[in-house]
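Novice: Heads up: the protein sequence lines correspond to chains W and L, in order.
Heads up: the first sequence at position 123 corresponds to 338 in the working numbering, and the numbers run straight through without jumps.
Heads up: the second sequence at position 27 corresponds to 42 in the working numbering, and the numbers run straight through without jumps.
Keep in mind the hints are simulated off the structure, nothing from the lab.
Keep in mind that the hints are not guaranteed to be accurate.
Said to hold, decoys possible - Rough simulated footprint, nothing fancy, chain L against chain W, three-plus residues with beta-carbon under 8 Å:
| no. | region |
| --- | --- |
| 1 | 232-238 |
| 2 | 242-255 |
Stated by the list, open to error - With beta-carbon atoms standing in for the labels, derived distance ranges:
| no. | chain 1 | residue 1 | chain 2 | residue 2 | range |
| --- | --- | --- | --- | --- | --- |
| 3 | L | W85 | W | H256 | 19 to 25 Å |
| 4 | L | T76 | W | F329 | 16 to 22 Å |
| 5 | W | R344 | L | V104 | 33 to 39 Å |
| 6 | L | A54 | W | P258 | 39 to 45 Å |
| 7 | L | A41 | W | F329 | 23 to 29 Å |
| 8 | L | A96 | W | I336 | 29 to 35 Å |
What the hints assert, rightly or not - A few chain L residues that face chain W, going by a derived Cβ cut-off under 8 Å, partial list only:
| no. | residue |
| --- | --- |
| 9 | P77 |
| 10 | S80 |
| 11 | F84 |
| 12 | V86 |
| 13 | V89 |
Each residue gets a CB set at the ideal place from its N, CA and C atoms; glycine is no exception.
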Amino acid sequence: MTTTTPRRSGGLGRVLIAVYGLLALAATGRSVYQILSEFDHAPLAYSLSALAGVVYIVATIALLAPGDTWYRVAWVTISFELVGVLVVGLLSVLDPILFTEKAVWSFFGRGYAFVPLVLPILGMLWLYRHRPRPATADAPTVVPAGTV
Amino acid sequence: MIEWFTLVQVAVACAAGLLCVVLGLAGRTPADITNGATALVEVLLIGQLVVAIVAPLTGNTPTGSSLEFWVYLVTALLLPALAIFWGLVERNRWSTVILGVACFAVAVMVFRMHQIWFVQLA
């Protein structure tokens, strides 16, 4: 059965994508700098930050790109981020030595104003509201940009 | 880096961010006032660029990493320009909100630049 996937990049989704893009830039840029200049301080935290940054980049692209495959990629990457921020956030509270404050996911993203914690949840709500529907449905549910 | 100029810049960027987000959520498309506010943030960043080039020549050097400082400054310079460009291409209210998001991001980045220049913990 074919399905139609509503456009995810319209309306409020634009803002979500812009914020994802910013976080991708911030996490990737900062962790690359940290790995180059002070990797020995916190190798695990900085490596995870770099991984998080790359996943944010993929998530940003997946939210922008149309189609069912990218929809699944968006779910996978955004779920990965939520699990990452929850697990690393918890570990950093239990063992503050292990994770530095300056990493993306440490202390539930406190160094990034908790954006890494809130964003995956908003992303999942957005994806759920724009889930694929059977193509046989009588009217497409594509919402024109600017009306949401 | 000049401390009062930097703090004024953070305040202006926050005010511009708030203005754009509020007007955007109120349904306005990018207009002279919101584009102008974002452009003002960009002009102040260019001022900061000049200060960052001149200040070390007068003995005012960053206490932290100047590489990290410059990565922030160059990235911050790109954001308002990209957001204004986005708003010119796509004319709806969300582009106005994105102008505000860019301004807030600049405020955070300038604050980080301030920390790198003046404050070293640990």
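Novice: Would you mind marking each hint as holding or not holding in the structure?
Specialist: Right, here's what the structure says about each hint:
Coverage of the region 232-238 of chain W by chain L holds in this model, with 3 residues showing a Cβ closer than 8 Å to a Cβ of that chain against a need of three. Only residues whose C-beta sits within less than 8 Å of a C-beta in chain L count toward coverage, and the region 242-255 of chain W has 3 of them, enough to reach three; the restraint holds. The given range of 19 to 25 Å is respected by W85 (chain L) and H256 (chain W), whose C-beta atoms sit roughly 21 Å from each other. The beta-carbon spacing between T76 (chain L) and F329 (chain W), approximately 33 Å, falls outside the hinted interval of 16 to 22 Å.
As the Cβ distance of R344 (chain W) to V104 (chain L) is approximately 25 Å, the hint placing it in 33 to 39 Å is violated. Remark: the range hint 39 to 45 Å for A54 (chain L) to P258 (chain W) is upheld by a beta-carbon distance near 42 Å. For the pair A41 (chain L) and F329 (chain W), the beta carbons lie near 26 Å from each other, so the given range of 23 to 29 Å is met. For A96 (chain L) and I336 (chain W), the hinted distance range of 29 to 35 Å is satisfied, since their beta carbons lie about 31 Å from each other.
A least Cβ separation of about 14 Å between P77 (chain L) and chain W goes past the 8 Å threshold, and the interface hint is therefore violated. Proximity of S80 (chain L) to chain W holds as hinted, the smallest CB-CB distance being about 7 Å (cut-off 8 Å). Because the beta carbon of F84 (chain L) sits about 11 Å from the nearest beta carbon in chain W, more than 8 Å, this interface hint is broken. Against a cut-off of 8 Å between C-beta atoms, the interface hint on V86 (chain L) holds, since the closest Cβ of chain W lies about 6 Å away.
With a least beta-carbon distance of about 10 Å to chain W, the hint placing V89 (chain L) at the interface is violated under the 8 Å criterion.
This entry does not satisfy hints 4, 5, 9, 11 and 13, going by the numbered hints stated previously.
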